[in-house]
Amino acid sequence: MTADLFGLELNVWADAAIRLVLIVTLMTVVVMGLIYLERKIIARFNQRIGPQRTGPFGLLQSVADALKLVGKEDLRPRSADAWTFELGPYFIFIPVFLGFVIVPFVADWHIRLLDLGLLYFIAASSLSIIGWVMAGWGSDNRYAMIGALRAAAQGISYELPLVLALVAVGIYAGTFNLGEMIAQQDVVPFIVWQPMAALIFFIAALAELNRTPFDIPVGESEVVGGPFVEYSGIRWSMFFLAEYAALFIMSLVFSAVFLGGFLWPFGDDLGRLFQAALTTAKAGLFFFVVVWIRISVPRLRIDQLMSYSWKVLLPLALVQVLVNGLVLVNGWSEVILLAFGLVGVAVLATVTGRAVAAPRIRPGAARRPLAPAPAHGEAAS
Amino acid sequence: MKGIARSMLTTLSTFARKPVTRNYPDFHRPLPKTDRAFPLLLWDQEIDEPFCTGCHACERACPVECMTVLMKDNPNHKSVGGNSSRRKIIDKFWIDYARCMRCNICVEVCNFDAISMNNTWTGHETSVYDRQDLVMDLQQLLSQSRAGQIQEWVPVIGQTND
Amino acid sequence: MVTEHAQEFETQDLLLNVGPQHPSTHGVFRMVLSVDGEVVRDVVPYIGYLHRGAEKLCETMDYRQGIGFMDRTEYLAAFNAELSYVMAVEALAELEVPERAQWIRMILCELNRLSSHFMFLGAFGIDVGVFATPFIYAWREREELIDLFEEVSGDRMMYAYFRPGGLAWDVPRNFKDRVRQVLKSARQGVADFNHLLTENEIFLARTRGVGAISAAEAIEWGMSGPSIRASGVPLDVRKDEPYLKYDQVDFDVIVGQNGDVYDRYYCRLMEMHESIKIVEQCLDKMPDSGPIMPEKMPRMLRTAPGEVYIRTEAPRGEYGIYLVSKGGNRPYRLKVRSACISNLQALKDMSVGQYVADAIIVLGSIDIVLSEVDR
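As they're listed, the protein sequences go chains A, B and C. The working numbering numbers the first residue of the first sequence as 256 and each following residue consecutively. The working numbering numbers the first residue of the second sequence as 4 and each following residue consecutively. The working numbering numbers the first residue of the third sequence as 19 and each following residue consecutively.
Hints in this document: simulated from the structure, not taken from any laboratory. Check before you lean on any hint, since a few could be wrong.
Stated by the list, open to error - Just so you have them, the derived chain A footprint on chain B, three or more residues with Cβ under 8 Å:
#1 18–24
#2 64–71
Said to hold, decoys possible - The calculated lysine-lysine pairs, modelled on DSS-like cross-linking and capped at a C-alpha distance of 27 Å, are:
#3 C:K344 / B:K36
#4 C:K314 / C:K263
#5 A:K566 / B:K5
#6 C:K202 / B:K21
As the list claims (entries may be wrong) - With beta-carbon atoms standing in for the labels, derived distance ranges:
#7 B:R25 / A:I591: 30 to 36 Å
#8 C:R191 / B:R63: 43 to 49 Å
#9 C:D265 / B:V131: 20 to 26 Å
#10 C:V62 / A:P311: 28 to 34 Å
#11 C:G55 / A:I273: 36 to 42 Å
#12 B:V131 / C:E313: 41 to 47 Å
#13 A:T605 / C:W157: 34 to 40 Å
#14 C:Q39 / B:A150: 29 to 35 Å
#15 C:E313 / B:H59: 24 to 30 Å
#16 C:D265 / A:L314: 19 to 25 Å
#17 C:G71 / A:V284: 41 to 47 Å
#18 A:A269 / B:Y132: 56 to 62 Å
#19 B:K21 / A:A337: 39 to 45 Å
Bear in mind that the values here come from a model prediction, so they are computed numbers and not experimental data. For glycine and all other residues, C-beta sits at the position ideal for the given N, C-alpha and C.
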C-alpha cells in the first residue's frame, strides 16, 4: 500500500516512519520553546524580564539548560530498584508521545487520523500513571513515594471527567476522529455548544498535567519535586520533556475538539501555513491560560483535589453526557445545548467556589472549643 | 470562582506594569552616599601619605577583631626634613573582609578620620576565588583613595550630616 | 477516611524528615513528622542549626559593639531587635532619648515591620503553592523599603544604626519625602497581596480551619504577636506598655477569631495597614530638626549595676531583652526573649491531626526566623 506524503507516493510503513521522525523532532524543539516561553510569560506576570542573556532575548536558554543537564552526573541511589528507577521516565514520556499519532496540525499534517482517535489518545496518555508510580517507588525515598501515590490517585481520579467530557463531545459530533470533528466546526466551534464540557475538560486536563492548582505531587515547597527528587541530569529532563509535551498535546486536542482546529474561522482558503499558524495560536492561547492560572492560584490539598473530582466534576460531566444524548435522540435544537451549557458553567463556578472554600473538619483533628476572647481591647477582624 | 478571577486579574495587571528588573552588571544603580561596604583607608593627597597613624583605636574597638595594625616612625615627619606633622605613620595594616561585619565602629572611633566605609560599587564587588585573598593589606586598602575614586563621607556621631 | 478494614492491618507510621535543607522551613529548621498516610500524628522539631552564641558573645562586647550582634539575631526585623537592646541599655544608663530620635526610631521600626510582613507574605504564598508571584511581589516591595534603609543607615539589612541614647547619625534631608514615596508603593503592594490571596477560594480552602489554636492554649504556650492575636487575644506591647511614642499615635490592634492559619495571615495583612497609618502620623508629628543624641555623651558608655527587662513588639511577637549589668561598659548577662521560639512551641498542637501539606503551611504561618529561635 502507498500513502501520500507531501505529494510523494511512499510505502505506508515508510510514510509512517517519516512522519513519526518529523513529529518527534518537532516535539523536542517545541518543548524547548515552550519551556522558554513559560519562563518569559511567568516573568512578565511577575514584573520581571525572564531569560535575556543567553542568546538574543534569551532564546538559547533552553538549549543551555539541555546542555547543562546532559553534562550532569547520572545518579542512582544505591538502594533504588534498578529496573523501575531507570525505566520510570520512559514509561512517563513514551505514552505522551503516543498521543501525537492522532492529532492533526493542519489538514494532512498528522501521523494517522484514527476513527477512534480520542479514545486512543486517552488510553495511551493514561499509561503514564504507571511511570509516575515506578519513578516514585523505584527511588526508595519517602518523599518520592508520597508524591507518586498522590500523582497516581490524582491521575486516576481526573481521568473520568476528562474522558466523559470528550465522550460528551464525541456523542454530539458523532465521531471520535479528530479530523472529522474539525471539519464539523467550520461554522461554529464546539465550545459554543458545549461550554461546560470545555470547562470540565480544561480543569481535568490541568489535573492530568499535574499543573497548579493540581500540582501537589510535585509540590516544590512540600515534597520537593515528588517522584523526581532522586533523578538528575538527562533523566530528570525527560520528566519535563514529558510534562511539556503533554501540555502541548492537550492544547492541540483542546483546540481541535473545542476551538475548531485549523479550520475555524477561516476555512480552507488561506493555505497550509496560515492554518498551521492558526493552530499554533489556539494552542498558544490554551498554554497562556494554563501558565496564567499557574502563577495566580495556590495548590489544592490532596483530599480537596480528590473530592473536587469525584463530587463536582464527575457528576456534572455525567449530566452533560446525558443532556447531549437527550438532545440528539429527540432532535431538539442545538440552542438548548448552549443554554444548558451556560447554566452548567455557572453552576460549576458556584459549586467550585463553595466546595473548595468551605472549612472542613478532619478526622483525628484535636478539636477543643475555642475559649472566648477576653473582654477588654478592640476586637476588629 | 470570584476570588480566583480576582487573583488572575491581579496578576494580569502586573503583566501590564513596567518590569522592575535592574540589569546588573550592565547597569549599576547609583549608591547613596551613606552606603556602607567594607572599610578603606584614606590618603592625604596634600601631604601624600595616609591619614592613618597606626594608633590602634579601631583595632581595639572592632567587635570581631578583624584588623591588625602596626605603626612606625614617620620618615616624612618635619623633624627629619619632611612636610608632615604626623610623628608616627601606619606601617602595616590588614583587614579581614571575611570577618568584618561593617558596623562602622572603626570609623566612629578613629581620631584622625583615616578610615571610612567604602560607599562605591567597588566595595560591594569584592569577590575572590580564595578566602585568603579577602585579607586586605595596606596597599589594597589605600589604593582606591589614593586614586581619588572614593566618595568620601565620614559621619560624625550624633550630628546632622548631609 | 479510615475504614474498618484498614484498622485490621497493623500499619506503622511513616517518619518524614522535613530536613534542615528544605524549601519550606524558612531557615535551617528540622522537623520529623510522624505520618499515617497523609495525616500527621506527631511533630518533633529540632532547632539549633543557627545557634551562634549571640548572647554569650555580647558579654564580651561593649554596648556599642553589641548592636551589630542584635541585628543578626533577627535579621528581618533588625530595627526592632536593635530597639529593644538600646532601650534596655538606656534604662540602665538612665539616658534620655531626644524627641526627634524617638520619632525616627518609631518610623524605622514600623517600616521594618512592613518589610518583615512582606517577607512573610512572600514565603507564605510559596508554601501555599502559588508559584512565584507572591515572592516576587514581596521582593519588589521590600526593595523599595530596603533602598530607603540604605539611604538612612548605610546597610540594607544589618543596620547598626541605633545607639544607646539615640541614633548614630541623622537621617538625610529628604527623609520625609522618601518615606512618603515608599509608603505609596507599600500600599500598592499590600493591595496586590490582598487581591491576590485573601478572597481566593483555593487559598481559603487551604487555610481556613487549618492549624487552629485556641486562645487559652496560646496563652499557655506563651505565644505573642500576630500569632496570638489571631486567636482572639488582644495582646500588643505597643498598647499594653507603650514605648517610644506609641501612646501619641492612633492605631488599632488587629484581633482574629479562630486562630487558624487564615486568621494569622489576615492579621498580618491588616497590621500592615495599621503600620502605614502609624508611619503617616509619625511623619506629621516628627520635628524637622533637633538633636538625635543627648548632649555630652561619654566616649565609652558605662551603666550602673542593675538589671532590666525591656520588651517591644517585634513583627513576630514580643521581643524582650533582659540585661544584667555589674557596672562597666559591657553586660554581665544578656538574655534575648525570643518571640519565635515561644511561638514555635505550639507547632505540635497546631499540626497534629492535619495533613502533611497543612503542617507545612502551619509552620509558615507562625512566621519564624531561625536566627531568632537559635540566636
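(message) Given the hint of 34 to 40 Å, is the C-beta distance from A:T605 to C:W157 inside that range or not?
(response) holds (36 Å)
(message) Is 39 to 45 Å respected by the C-beta to C-beta distance linking B:K21 and A:A337?
(response) violated (52 Å)
(request) Given the range 30 to 36 Å, decide if the beta-carbon distance of B:R25 to A:I591 lies inside it. (result) violated (57 Å)
(message) Between the beta carbons of A:A269 and B:Y132, is the distance compatible with 56 to 62 Å?
(response) holds (57 Å)
(request) Could you say whether the range 29 to 35 Å given as a hint is met by the Cβ separation of C:Q39 and B:A150? (result) The hinted range 29 to 35 Å is violated for C:Q39 and B:A150, with Cβ atoms some 44 Å apart.
(message) Verify the CB-CB distance for C:E313 and B:H59 against the hinted window 24 to 30 Å.
(response) holds (29 Å)
(request) For the range 19 to 25 Å, tell me whether the beta carbons of C:D265 and A:L314 fit it or not. (result) Given range 19 to 25 Å: violated, Cβ gap about 60 Å.
(message) Quick check: does the Cβ-Cβ distance between C:G55 and A:I273 fall within 36 to 42 Å?
(response) violated (50 Å)
(request) With a C-beta cutoff of 8 Å, work out whether three or more residues of the stretch 64–71 of chain B approach chain A closely enough for the coverage to hold. (result) violated (count 0)
(request) Take a quick look at whether C:K314 and C:K263 sit within 27 Å of each other, Cα to Cα. (result) holds (24 Å)
(message) So if I understand the rule, the pair passes when the alpha-carbon distance is 27 Å or less; does A:K566 with B:K5 pass?
(response) holds (20 Å)
(request) Take a look at whether the Cβ-Cβ distance between C:G71 and A:V284 falls inside 41 to 47 Å. (result) violated (56 Å)
Hint compliance for this structure: hints 2, 3, 7, 8, 9, 10, 11, 14, 16, 17 and 19 are broken, all remaining hints hold.
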